[in-house]
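Kindly produce the complete structure, drawing on both the sequences and the hints.
Chain by chain, the residues:
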Amino acid sequence: MIYKVSFVVQGGGHPGAIQNMEKRPEKGDQVKLDNKLYEIVEILEIIPAKGDFGYLHATCRPVEE
Amino acid sequence: MSIVPLLKKADILNGLSESQLEKVAGLCREQTHNANETIFKENDTSSELYLIQDGLVEITLSVPDPDVEERIVTLGKGQIFGEIALVDEGLRTASARCIADSTKLWVAKREDFISLCEEDTSIGFAIMRNIAADLAFKLRLINLTRKVPG
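Residue numbers (the working numbering), protein chains in the order written: chain V, 112 to 176; chain P, 7 to 156.
Keep in mind the hints are simulated off the structure, nothing from the lab.
Fair warning: there could be bad hints in the mix.
As the list claims (entries may be wrong) - Computed list of lysine-lysine pairs in DSSO-like fashion (alpha-carbon distance at most 30 Å, straight line):
{"no.": "1", "chain 1": "P", "residue 1": "K153", "chain 2": "P", "residue 2": "K83"}
{"no.": "2", "chain 1": "P", "residue 1": "K29", "chain 2": "P", "residue 2": "K47"}
{"no.": "3", "chain 1": "P", "residue 1": "K29", "chain 2": "V", "residue 2": "K147"}
{"no.": "4", "chain 1": "P", "residue 1": "K14", "chain 2": "V", "residue 2": "K161"}
{"no.": "5", "chain 1": "P", "residue 1": "K115", "chain 2": "V", "residue 2": "K147"}
{"no.": "6", "chain 1": "P", "residue 1": "K153", "chain 2": "V", "residue 2": "K138"}
{"no.": "7", "chain 1": "V", "residue 1": "K134", "chain 2": "P", "residue 2": "K47"}
{"no.": "8", "chain 1": "P", "residue 1": "K115", "chain 2": "P", "residue 2": "K153"}
{"no.": "9", "chain 1": "V", "residue 1": "K147", "chain 2": "P", "residue 2": "K153"}
{"no.": "10", "chain 1": "P", "residue 1": "K115", "chain 2": "V", "residue 2": "K138"}
{"no.": "11", "chain 1": "P", "residue 1": "K47", "chain 2": "V", "residue 2": "K138"}
{"no.": "12", "chain 1": "P", "residue 1": "K14", "chain 2": "V", "residue 2": "K138"}
{"no.": "13", "chain 1": "V", "residue 1": "K134", "chain 2": "P", "residue 2": "K14"}
{"no.": "14", "chain 1": "V", "residue 1": "K143", "chain 2": "P", "residue 2": "K15"}
{"no.": "15", "chain 1": "V", "residue 1": "K143", "chain 2": "P", "residue 2": "K29"}
{"no.": "16", "chain 1": "V", "residue 1": "K147", "chain 2": "P", "residue 2": "K14"}
{"no.": "17", "chain 1": "P", "residue 1": "K83", "chain 2": "P", "residue 2": "K14"}
{"no.": "18", "chain 1": "P", "residue 1": "K15", "chain 2": "P", "residue 2": "K47"}
{"no.": "19", "chain 1": "V", "residue 1": "K161", "chain 2": "V", "residue 2": "K138"}
{"no.": "20", "chain 1": "P", "residue 1": "K29", "chain 2": "V", "residue 2": "K134"}
{"no.": "21", "chain 1": "V", "residue 1": "K138", "chain 2": "P", "residue 2": "K83"}
{"no.": "22", "chain 1": "P", "residue 1": "K110", "chain 2": "V", "residue 2": "K134"}
{"no.": "23", "chain 1": "V", "residue 1": "K134", "chain 2": "P", "residue 2": "K83"}
{"no.": "24", "chain 1": "V", "residue 1": "K138", "chain 2": "P", "residue 2": "K29"}
{"no.": "25", "chain 1": "V", "residue 1": "K143", "chain 2": "P", "residue 2": "K110"}
{"no.": "26", "chain 1": "V", "residue 1": "K134", "chain 2": "P", "residue 2": "K153"}
{"no.": "27", "chain 1": "P", "residue 1": "K83", "chain 2": "V", "residue 2": "K147"}
{"no.": "28", "chain 1": "V", "residue 1": "K134", "chain 2": "P", "residue 2": "K15"}
{"no.": "29", "chain 1": "P", "residue 1": "K153", "chain 2": "V", "residue 2": "K161"}
{"no.": "30", "chain 1": "P", "residue 1": "K29", "chain 2": "P", "residue 2": "K153"}
{"no.": "31", "chain 1": "V", "residue 1": "K147", "chain 2": "V", "residue 2": "K134"}
{"no.": "32", "chain 1": "P", "residue 1": "K14", "chain 2": "V", "residue 2": "K143"}
Structure (structure tokens):
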């Protein structure tokens with residue numbers, strides 16, 4: 112399964128991103144968007160899966176480095 | 007090397023058979039860009055469709071101040087861009103710029119893509135449905151972005 116994930120970042124400073132992931136992202140995971148690290152605080156399945164593709168929306172917050 | 011395994015990972019081609027994917031592969035040529043290279047600019051007349059194999063592309067708008075570029079989304083592997091001009095034949099609605107070195111793209115010309123869709127309407131239906139779904143996904147992202155506290 113390939114997960115097409117849209118990312119929204121809390122607190123501004125990032126416009127959001129869309130990328131494919133081969134592992135389903137989960138709450139608490141850390142992801143790199145434009146070379147900065149973010150933590151996923153919420154995952155929503157926004158569209159039912161079709162074929163080999165899942166469609167998710169992730170809300171993230173910046174990780175203090 | 008066949009790019010069919012890569013095309014299988016792009017959801018705009020979801021639902022196509024192996025032989026149909028081979029036909030799509032025949033339309034694609036490879037491009038590699040480094041960070042800060044512009045792929046196309048807002049209001050350009052180009053109409054190619056792009057698929058990101060690897061790397062990152064930033065989509066920007068120059069409104070409301072034409073001298074300021076506002077980032078609207080970052081796209082990573084497996085994502086398409088340039089689909090609006092492919093569908094409506096209009097000017098580019100936004101600019102696209104690479105933000106990672108060695109970003110690898112697959113590019114198809116609009117006229118080749120449309121010819122294939124007309125020649126094999128089952129390919130055409132699947133791709134147009136998937137492009138519509140991709141546009142809807144991007145609209146959902148914009149709507150959800152507005153709901154997140156700034």
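Practice task
Run the structure past the numbered hints and jot down the numbers of the failing ones, going up.
Solution key: Those not satisfied are hints 3, 5, 7, 8, 10, 11, 15, 24, 30.
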